[in-house]
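**Q** Sequences and hints are given; from them, build the entire structure.
Number of protein chains: 2
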Amino acid sequence: MAHVVIVGGGFAGLNAAKGLGDVPDVRVTLVDRNNHHLFQPLLYQVAMAGLSPADIAAPIRSMLSRYSNIHVLQGEVRTLDLPGRKIATDFGDIEFDYLILACGARHSYFGHEEWEEFAPGLKSLEQATEVRRRVLFAYEEAERSRSTDERKRYLTFVVVGGGPTGVELAGAIGEMSRFTLAKDFRNIDPTQARVILLEAGSRILPMFSEQLGKRAVRDLETLGVQVWVNSAVTKIDADGVDVKTERIRTATVLWAAGVEASKLGRATGLSVDRVGRVMVEPDLSVPGFSNVFVAGDQSCYTHQTGKPLPGTAPAAMQQGRYLAKLIRTEVTAGTGKREPFRFTDKGQMATIGRSRAIVEFGKIKMAGFSAWVLWLFVHVYYLTSFRSRLLVVMQWAWSYLWFRRGARLIIPKAWRFYEHPPQETPITTQDAAASDRTSSLDRVR
Amino acid sequence: MAHVVIVGGGFAGLNAAKGLGDVPDVRVTLVDRNNHHLFQPLLYQVAMAGLSPADIAAPIRSMLSRYSNIHVLQGEVRTLDLPGRKIATDFGDIEFDYLILACGARHSYFGHEEWEEFAPGLKSLEQATEVRRRVLFAYEEAERSRSTDERKRYLTFVVVGGGPTGVELAGAIGEMSRFTLAKDFRNIDPTQARVILLEAGSRILPMFSEQLGKRAVRDLETLGVQVWVNSAVTKIDADGVDVKTERIRTATVLWAAGVEASKLGRATGLSVDRVGRVMVEPDLSVPGFSNVFVAGDQSCYTHQTGKPLPGTAPAAMQQGRYLAKLIRTEVTAGTGKREPFRFTDKGQMATIGRSRAIVEFGKIKMAGFSAWVLWLFVHVYYLTSFRSRLLVVMQWAWSYLWFRRGARLIIPKAWRFYEHPPQETPITTQDAAASDRTSSLDRVR
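Respectively, the protein sequence lines represent chains A and B. In this text, residue positions in the first sequence follow our numbering: the first is 1, and each later residue adds one. In this text, residue positions in the second sequence follow our numbering: the first is 1, and each later residue adds one.
It cannot be assumed that every hint is accurate.
Repeated chains share a single entry, so a pair holds when one copy, or any two copies, can fit it.
Unchecked claim - DSS-like cross-link-like pairs, simulated, lysine-lysine; straight-line CA separation at most 30 angstroms: (1) Lys325 to Lys307; (2) Lys346 to Lys214; (3) Lys325 to Lys183; (4) Lys337 to Lys325; (5) Lys18 to Lys183.
These are computed hints drawn from the structure, not numbers from a lab.
**A** Take a look at the structure:
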């Protein structure tokens with residue numbers, strides 16, 4: 001009986017587990033510090049009050065409950081002992097025959113950790129809820145403020161990072177101001193809100209063709225978003241943002257500029273790249289340990305094109321499925337030569353507001369409403385494992401028809417019970433999910 | 001132009017505001033510390049992972065946006081100056097011609113505030129999320145624990161208070177263990193979970209007839225809930241609950257035993273009853289100030305039956321509508337003799353698990369599935385102002401068909417950004433909503 005331990009229940013870990021479900025002579029233990037799998041590509045919709053957390057997340061446990069050989073445990077991984085074939089968690093040691101690390105990535109502030117307080121990122125449900133709270137609360141503050149300067153500050157929103165997440169956030173804020181909130185206030189005019197998208201590089205969405213990038217800028221501008229390129233952020237504080245010598249006074253800054261891989265790789269002494277991703281062999285194993293694999297955003301796989309694969313859901317899913325097949329073959333047919341992993345590029349898409357998107361797949365380029373319909377179709381299709389697919393479509397249909405945001409709640413963060421206080425552990429499993437757009441990294445640095 | 005200030009956007013405040021919408025020569029300012037109105041009768045569904053917060057809450061601002069004479073502000077009320085006709089808030093003073101206080105109620109631990117840490121109540125969305133987190137996390141802890149004693153402790157759930165909220169919570173936990181979670185775990189059998197409902201009085205649901213109360217006990221028992229009457233709690237700590245000399249070891253205690261009115265009444269020097277409700281005149285005004293009213297759970301109205309009205313949504317809604325009519329009449333037709341408020345009793349209902357309820361209206365008594373259908377109908381009907389009515393029905397239908405809980409997410413509470421830290425203010429507006437079952441107060445004391 002081979003014991004496969006998977007750390008992280010994102011797209012890579014979940015697909016690896018599913019591929020090993022009910023395989024004879026294999027048992028699987030999946031450890032994640034959250035109880036839920038998160039459909040991260042739609043996280044910005046939760047942040048922008050279009051969807052509720054439950055619409056894009058589901059308990060890992062119930063997603064895998066049909067497989068009797070899979071055991072799901074909620075917990076944190078503290079250390080890895082690769083030669084000893086075991087991992088240490090906060091609830092005891094677990095021995096493994098195969099280990100798959102799929103701990104994902106988190107935000108990187110490029111050495112300016114002090115910015116995080118003023119510019120939250122968007123990688124988890126609680127961050128999404130926090131971003132929502134800040135954006136909605138800014139309008140409330142503006143409404144009740146009696147100073148024109150303060151109102152202006154509260155009605156200025158800055159999004160840092162011109163990758164897909166930044167574009168989606170900026171577009172959604174622009175749209176919310178122009179349509180959803182337009183009639184709800186008495187002292188302010190939400191349509192006068194100023195939304196600025198800052199990109200350090202020379203253009204936004206660099207992974208798309210220049211033509212589609214320009215189209216995205218135009219679409220953003222019709223939603224009232226100002227796109228500033230060549231605008232590296234030099235300072236963020238409670239009062240605003242510095243772009244070189246210019247000061248933007250704002251109460252709301254959102255960070256979508258860069259990510260770094262989970263610390264688990266580096267802490268174990270594995271060879272990592274500049275953003276902490278573990279360098280893997282063509283079969284996704286780590287040098288020296290053919291039974292230890294790293295998949296998803298945490299891994300740096302360069303054997304196909306010479307460049308790292310994009311940190312997206314399709315790449316993570318393909319890697320997870322590849323590893324399941326590899327282990328299945330070895331357990332049932334014995335060890336042989338391993339086929340290297342091959343990534344199939346399915347193209348890329350980004351949405352801008354309520355009814356526009358850009359899609360690029362090889363030489364095919366689409367923009368506008370038809371691209372948005374395709375974007376919607378693909379995202380709803382990939383929500384397959386969720387009970388909420390139909391509900392999500394209905395909610396979107398509703399928002400679309402009525403220009404409303406359903407989940408527009410400000411829920412206070414303050415809660416004084418800490419039965420299980422947040423633990424400061426150096427090594428933790430991450431929400432190993434996808435859509436980390438590392439490609440704008442260079443430009444921001 | 002008469003300026004009506006309403007404090008609290010619960011059932012009373014919201015209905016008062018709606019009744020004054022677009023009335024000539026009246027302008028309304030509604031202040032609430034939350035941005036949302038909460039449909040509190042369904043809050044236990046959020047706590048039990050059946051619904052998402054957005055399903056039972058909606059922004060007050062958007063619910064009232066069609067009335068151009070109504071101004072909604074999010075903020076906290078600090079002090080009241082009744083003779084000076086103004087209130088002080090955290091964003092400045094507001095003068096009024098009429099004032100309606102509808103600040104609702106919160107939990108009361110009868111002098112044992114130290115119990116709150118171990119036994120959260122259920123009055124707000126963040127409390128509901130916290131209760132959900134605790135209940136779901138207990139199963140996770142049990143699953144990963146290696147000690148039989150600890151597993152047993154994690155699989156024991158105690159609900160304190162045998163009113164409708166306590167019955168609903170206990171029934172929902174019982175049902176969740178028996179059906180929803182039954183197949184999701186490997187090390188534990190959730191159907192073996194022990195759910196204990198503690199009631200200090202001699203029977204649960206004392207506001208219902210004895211016959212229906214007995215039926216509720218039977219229905220709870222089929223869901224695996226043990227009902228202990230004459231069982232006053234004497235101690236609650238991290239390890240469990242003391243009932244007289246008996247110790248129940250448990251990691252999860254939920255408080256549904258009693259409420260007290262918002263502190264705003266008492267702090268202003270108004271005459272209040274034992275649980276802090278303001279004693280009001282037959283027209284809901286306070287003695288000495290005919291332009292100041294208290295409505296909903298915050299008021300104690302005894303002129304009709306000699307006893308206080310129940311702290312329910314219908315009572316609050318009727319009072320809100322009554323006050324709107326009274327003010328409308330005075331502003332348009334001039335001051336005359338005021339008709340006293342009359343409460344129309346619509347009966348009462350409580351639900352037990354997924355398909356049973358009890359309903360009592362005068363001499364009409366119903367129980368079982370037919371009562372549950374009626375309960376469902378009434379609650380969906382009253383969700384009128386929400387965009388989510390259809391979604392709620394669909395979600396319930398889904399849960400009903402598949403025995404699943406859609407919103408089964410554990411979202412960590414830990415979040416280190418406190419741009420707007422929780423403020424310790426003695427006087428605050430409450431989530432003025434209904435279904436505070438004060439009637440079990442005596443029995444718990």
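**Q** Checking an output row: Lys18 and Lys183, CA cutoff 30 angstroms. Within, between, both or neither?
**A** between (47 angstroms within a copy, 17 angstroms between copies)
**Q** At most 30 angstroms between alpha carbons: which applies to Lys337 and Lys325, within, between, both or neither?
**A** within (13 angstroms within a copy, 83 angstroms between copies)
**Q** Given identical chains, is Lys346 near Lys214, meaning Cα to Cα at most 30 angstroms, within a copy, between copies, both, or neither?
**A** Answer is within; shortest intra-copy Cα gap is 22 angstroms, inter-copy 61 angstroms.
**Q** Is it within, between, both, or neither for Lys325 and Lys183, if the alpha carbons may be no more than 30 angstroms apart?
**A** For Lys325 and Lys183, only the inter-copy Cα distance (26 angstroms) is at most 30 angstroms; the intra-copy one is 55 angstroms.
**Q** Reference check for the pair Lys325 and Lys307, CA-CA at most 30 angstroms: within, between, both, or neither?
**A** within (25 angstroms within a copy, 71 angstroms between copies)
No hint from the list above goes unmet by this structure.
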